[in-house]
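4 protein chains.
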Amino acid sequence: MGASHEGFETRVRDSFGRQTFMRTLGATLEEVGEGRTTIRLRRDRAFGQQHGYLHAGALIAVLDSACGYAALSVAAPGSEVLTAELKVNLLAPAAGAAVIARGRVVRAGRTLVVCQGNAHDADDPSKHLATMLATMVVVPAP
Amino acid sequence: MGASHEGFETRVRDSFGRQTFMRTLGATLEEVGEGRTTIRLRRDRAFGQQHGYLHAGALIAVLDSACGYAALSVAAPGSEVLTAELKVNLLAPAAGAAVIARGRVVRAGRTLVVCQGNAHDADDPSKHLATMLATMVVVPAP
Amino acid sequence: MGASHEGFETRVRDSFGRQTFMRTLGATLEEVGEGRTTIRLRRDRAFGQQHGYLHAGALIAVLDSACGYAALSVAAPGSEVLTAELKVNLLAPAAGAAVIARGRVVRAGRTLVVCQGNAHDADDPSKHLATMLATMVVVPAP
Amino acid sequence: MGASHEGFETRVRDSFGRQTFMRTLGATLEEVGEGRTTIRLRRDRAFGQQHGYLHAGALIAVLDSACGYAALSVAAPGSEVLTAELKVNLLAPAAGAAVIARGRVVRAGRTLVVCQGNAHDADDPSKHLATMLATMVVVPAP
Chain B
1 MGASHEGFET RVRDSFGRQT FMRTLGATLE EVGEGRTTIR LRRDRAFGQQ
51 HGYLHAGALI AVLDSACGYA ALSVAAPGSE VLTAELKVNL LAPAAGAAVI
101 ARGRVVRAGR TLVVCQGNAH DADDPSKHLA TMLATMVVVP AP
Chain S
1 MGASHEGFET RVRDSFGRQT FMRTLGATLE EVGEGRTTIR LRRDRAFGQQ
51 HGYLHAGALI AVLDSACGYA ALSVAAPGSE VLTAELKVNL LAPAAGAAVI
101 ARGRVVRAGR TLVVCQGNAH DADDPSKHLA TMLATMVVVP AP
Chain D
1 MGASHEGFET RVRDSFGRQT FMRTLGATLE EVGEGRTTIR LRRDRAFGQQ
51 HGYLHAGALI AVLDSACGYA ALSVAAPGSE VLTAELKVNL LAPAAGAAVI
101 ARGRVVRAGR TLVVCQGNAH DADDPSKHLA TMLATMVVVP AP
Chain C
1 MGASHEGFET RVRDSFGRQT FMRTLGATLE EVGEGRTTIR LRRDRAFGQQ
51 HGYLHAGALI AVLDSACGYA ALSVAAPGSE VLTAELKVNL LAPAAGAAVI
101 ARGRVVRAGR TLVVCQGNAH DADDPSKHLA TMLATMVVVP AP
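As you go down the protein sequences, you meet chains B, S, D and C in turn.
Residues 1 to 142 in the working numbering are what the first sequence lists, from first letter to last.
Residues 1 to 142 in the working numbering are what the second sequence lists, from first letter to last.
Residues 1 to 142 in the working numbering are what the third sequence lists, from first letter to last.
Residues 1 to 142 in the working numbering are what the fourth sequence lists, from first letter to last.
Hint data in this document are derived by calculation from the structure and do not stem from the laboratory.
Quick caveat: nothing in here was measured; it's all calculated off a predicted structure.
Certain hints may be false.
Each pair may be met inside one copy or between any two copies, as identical chains are not told apart.
[Unchecked claim] Think about it this way: if two alpha-carbon atoms lie no more than 25 Å apart in a straight line, the pair counts; the simulated SDA-like pairs of lysine to any residue are: (1) LYS127 with GLY35; (2) LYS127 with GLY52; (3) LYS127 with GLY26; (4) LYS127 with ARG102; (5) LYS127 with ARG36; (6) LYS127 with ALA98; (7) LYS127 with ARG40; (8) LYS127 with THR20.
Isolated chain B (complex conformation) (with noise of 0.2 Å):
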């Protein structure tokens, strides 16, 4: 694992730890590769929605990062990405303890990287909560 690595996982995890929102679910980066990313949510009793599930909002919020910081990992130096859109579709409501979000650069172009991520139920891999596709575009760090 050599400079290069280093260079776009700290830099993800650097973003990461800045997102309030991120440390208000309790969401954990767990893993950082090059145009991959895994975030890990507990399901808690103050994210839920009329039934107790996981608030989509809460879930959609946790694959928007893991796709964001996917396409992070692969722009240039100096760069910082923004979520231009998203689409979702929820394949299953979020019953579980935890879900694990991941997210993959699809196609990495200079100013927009295309992203997809899929959530799954932590405890049960075969249980697919949600897969998202969504644009992320590059812009110069302020």
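Use these hints to put chains S, D and C onto chain B, whose structure you have.
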């Protein structure tokens, strides 16, 4: 405002009240019309992305709820509404003190209800923050 | 209507004229405004789905062009517009003699232009057939 | 290959054969598996956008059909499948002689079937042209 109106408004407000995630976000259900709802979300430091703006996930959560409750307001009594999928374009960072998310029904079928959502800065309605297009599915209440 | 208007209308009409697919479909560019266009598509037997209604692909093609040209109408001279992504909800089968597809700009940024498209039955505007939300990317003309 | 397989393949091929738009485009149904289909589309001059590449609308049409027939292949006999909505990211211009569009079922529910579609250059599979995420609705055949 007759019995029917009270009917749907009560159903919507009861369900919203059970969404612990809305409470955690401090989101408030401002208006409930037939096929339309408005939710207000204060920008709290706890819901930030890496630059302190409101995290897209928090904004999408309230837009999703605004669309879902717009759909529920026109669904047959005894049914409820789940988000099948949504797509959102993020137009500008949510940097103000609060956002207003509006959901409205575009077309209500027996099974599928298509909704549009829009979020604006609460203090400057000329700031269009996000626009959503979502598909809700009507199911019998459990 | 001054030089600037003629400028964008000419650019849009020239580009539309080069889209052989629009000609093959028999689609006509009805109106070109600043940030708005209207395309008309006759329902031909040759463009059917399995029940003889207009194939979603044909409807989406004209909605995509309507959105793309709405974006081009507000883009800087010397640039052109490509579709980065689009999402469309099909609301009702296109069973009439013709459809009207309208595109309009929701937000024009320097690089990304977000557009909305809507298709209605040409003879019965109360029949809403489809609604689209699309992201166009502005690039220098080749 | 048993009766059940013949069953769904026949249903899919019959329906595809009735889509006059696929015939007009010269699209051919290459493979039909359980939950998977492949369609081939030659790039004809008549289906171009302003630079002569394949118009997004033509590409989306075959991706939509590939996804729809993937869904139909797993739907109960006596039912049929309509596209409720689709979202597609266009990744690269379709500049080759032909494209291959693949659709596959991500999750099949009783009412909704979520599908993924991907299009590649027919001669260079490393060229990923487009990726789609679509929601199909299962209805009783008329």
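Which of the numbered hints above does this structure break? none
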